[in-house]
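Asks: Position chain H against the provided structure of chain E, taking the given hints into account.
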Amino acid sequence: MSPIFAARLRAALFWGPVGLILLYMTIPALVVVMTSFSPSELLEFPPAGLSLRWYARALSYPDFRNGFANGLIVTTFASTAALAVGSAFAYLVDRYSFRGRAALEAVLSSPLIVPHFTTGFGFLLLGAELGLTRSYAIVIAAHVLLVLPFVVRSVYVSLKNIDPRLERAAANLGASPGRVLARVTLPLLLPGMAGGWLIAAILSLTEFTASLYVTEARTQTLPVAMYGYIREYSDPTIAAISALLIIATTLLMLLANRYLGLRRILAIDAH
Amino acid sequence: MRTEQQDRAASAVELRRVSKSFGPVVAVQEFDLAIRRGEVLTLLGPSGCGKTTILNMIAGFEVPSSGEIRIDGKPVTAVPPYLRDTGMVFQSYALFPHMDVFENVAFGLKMRRLAKGAVAAEVARALEMVKLTGLEGRRVRQLSGGQQQRVALARAIVIRPKVLLLDEPLSALDKNLRAEMQIELKELHAKTGLTTVFVTHDQGEALSLSDRIVVMNRGEIQQVSAPIELYRHPANGFVASFVGEINRLPPARCTLTGGDAVFELAPGLSLAVPRRPELAVWDGRRVNLFVRPEQMAIADASSPGQACVKVRVVTHVYQGTHTLLRVDGGALGLLQLRIPGSEVIERAPVGSEIEVTLDLAQAVVLAD
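As you go down the protein sequences, you meet chains E and H in turn.
Residues 1 to 271 (my numbering) are what the first sequence spells out, left to right.
Residues 1 to 368 (my numbering) are what the second sequence spells out, left to right.
Treat the hints as calculated values from the structure; they're not laboratory data.
Among the hints, erroneous ones may be present.
Quick list of simulated restraints, FRET-style, between CB atoms [stated by the list, open to error]: (1) Tyr96/E with Thr321/H: 53 to 59 angstroms; (2) Ala7/E with Leu334/H: 51 to 57 angstroms; (3) Phe14/E with Ser19/H: 56 to 62 angstroms; (4) Gly145/H with Ala7/E: 38 to 44 angstroms.
In silico negatives: residues of chain E with every beta carbon more than 10 angstroms from chain H [claimed, not checked]: (5) Val32; (6) Glu41; (7) Leu42; (8) Phe117; (9) Ala128; (10) Gly131; (11) Ala170.
We put the CB at the ideal spot given by N, CA and C, even for glycine.
Just chain E, same shape as in the assembly:
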C-alpha cells in the first residue's frame, strides 16, 4: 500500500463518519429550509421550484407576529429574572458551604428531570388556584423555572473560571468584600452572565411544551402559534417561519460566540 493511498484511506475513514454525523444532525433543518422555498401550496419535499411567497405570508400572518411579540415579552422578563436568581444561587453554591447545599444543587437541576409538560401542567393548575390563569405572569414563571438550570450552570462555570487570587489581590489592596464583588468579581462574571441570559433567551423563545399549557390566544408564544397553524393549514408557511427561527437563533449564537466566547462559558478552563 503506497503512503499516499494510506493517507487517503485514513482521511476517508475519518471524514466519512464525520460527514454522516453532520448530515444526520442537520437533515431535519435542511428539509424544512428547502421546503420553505417551495412554490407549491402543499408541504412537499423536495420542492418543485424556488419561491419566497411563504416567507411573505409567514411575516405578515397576525398570529405569528403576535406570537413573536409575546415571545419577546416573556423571554425578556423570564431570562432576566432567571439571570438574577440563577446568579445569586450560583454564587451561593460556589462560595459558601452550608447545610442543604447538595439539595439546592439537585433542586436547581430538577427542570432537566421533570418533563416540560409536567411543569406546564403544574403551572396551569397553580395559575387557576391563584386566579392568574393564562396571564403573562404564569407564562413567565414557567419559563424562569425551565431556563434556570442553564443560567445557573453558565454563571457557575464562569465563577469557577475566576482565579480566587484576583479577589484576594483586590482585598489586599484595600477593597472591602462589597467592593471586591463590584470591582472584580462582577465585571469578570459579566460575559458568563450575558451568555447565560442569551442561552435562556433562546430556550425561552423556542420553548413549546410547557408554553402550550400556560398560554392562551392572547399570550401565546411563537411555537404555540406555529402549532396552531399546522393544525389548520398544511402549506409551507410553517416551514418558512421555522427557517426564520433557525436563522435568528444561529445569528444570536454566532454573536454570543464572537463577543462572549461561548467556549469560556460552557467549559471550565484550566488556569
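Replies: Same frame as chain E, but now just chain H:
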C-alpha cells in the same frame, strides 16, 4: 544595650507563638518572629514547610489557629485583609484581566479614595520605579511575564504598604529574567526602603536578596540568620543540606589531642584538623562533618598538612565557570567537588584514582 521594648517598637511585623492547622495537618507551629522595619526577610524552605501560610496570615487571608500577629505594634489577628495595609505580590501575579496597566496599579489608591490627580502622579511614580513608563494603556494579556511581574510589583508598592509580601514572585520567570529581576528587586528595595517578607524555596534567591533568612521545615523555624552566617554556620543538618550544596560525611568520633582535633570516620580512616577553641565541646562525642564542594580540591604539592583522602572519579559535570566532580570516597560515600575551570576533566578522567583534600578548618561540625 537595647531593651526588649525598643525591639518591639522597631518591629514592622511580629508573630507571637503563631500556629496554624488545616484539619489534622499542622502547617505552622509556635512560630515566633519579629521582622525589623526596613529589612528584607526571607522565609526559605521546601514546599509544604508553611512559609506561604505565614505570608497569608500576615496578609490576613488565613487566620491563625492560635497566637498573635502585630503590624506596627498593633494586633491585627482579627483584622480583615483589606484593612491591613500590606502589599502582596502573588506567584501568579493575579493582575486584574479586565483592567489595563494603569487601572491595575491605581486600584489600591482608588480603594483609598485618593484624588484623581494624586492617583495619576503616584501610578506614574510607581511605574517609573519598575521601568514600565509608557505601558499605562496596555491590556494585561498583552504583557510578557517579566512585565506582568513589574505591574504586580508596582501595584503592591504604590499603596506604600506597611509590609511588602512577595510570594515566590520570580518562580514563573525563565532563568535569565529571574537573575535580572533579582537585581531589580534589590534596587527597588533600596529606593523604597519597604519592610519586605520574601517567600521562596530557592536558596540562591534567598542568599542574594535577604538581610535575614528564616529557614523553615515542617512548620517550624530551623534557623534565623544573615545569609553569610547561614551558609557558614548552619544550625543543623537540615539547614546545612538545604542551603547550598554540601557533602555530609558519615558520623565520626571527635577526639582532641595535643594540637589537633581528630575525627575518626571509619576504622583506619581518621582526619585531623588543627585544634580550634570551638571544637572543645565535641571532645569524645559523635559528630557529623559537612564539607562544601568548594572546600575540597585535588591534592597537590601546595596542600601539605590538609586532610587528604583517596577517591575514585565517577562523573564530571561541566558548568562553564567550574566543573562538578563526583567521586567515590569509599567509606566516606559519594562526594562532590567544585573545581574551577575544565582542566580537571583531562587531569582526572572518569575511573581514575586521585587524592583530594578536605578543608576541615572550614567544615561544619554538628552533633550526630
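Asks: Are the hints correct? Go through all of them and say.
Replies: Hint check results:
1. Tyr96/E with Thr321/H: 53 to 59 angstroms: holds (56 angstroms)
2. Ala7/E with Leu334/H: 51 to 57 angstroms: holds (53 angstroms)
3. Phe14/E with Ser19/H: 56 to 62 angstroms: Cβ of Phe14/E to Cβ of Ser19/H: about 60 angstroms, so the range 56 to 62 angstroms holds.
4. Gly145/H with Ala7/E: 38 to 44 angstroms: Taking Cβ atoms as reference, Gly145/H and Ala7/E lie about 40 angstroms apart, which means the hint holds.
5. Val32: Val32/E clear of chain H: closest Cβ-Cβ about 42 angstroms, beyond 10 angstroms.
6. Glu41: At about 56 angstroms from chain H, Glu41/E clears the 10 angstroms cut-off, so the statement holds.
7. Leu42: At roughly 56 angstroms from the nearest Cβ of chain H, Leu42/E sits farther out than 10 angstroms, so the non-interface label holds.
8. Phe117: holds (43 angstroms)
9. Ala128: For Ala128/E, whose nearest Cβ neighbour in chain H is about 48 angstroms away, the distance exceeds 10 angstroms, so it holds.
10. Gly131: Holds: least Cβ distance 47 angstroms, greater than 10 angstroms.
11. Ala170: It is violated; Ala170/E is separated from chain H by about 7 angstroms at its closest Cβ, not greater than 10 angstroms.
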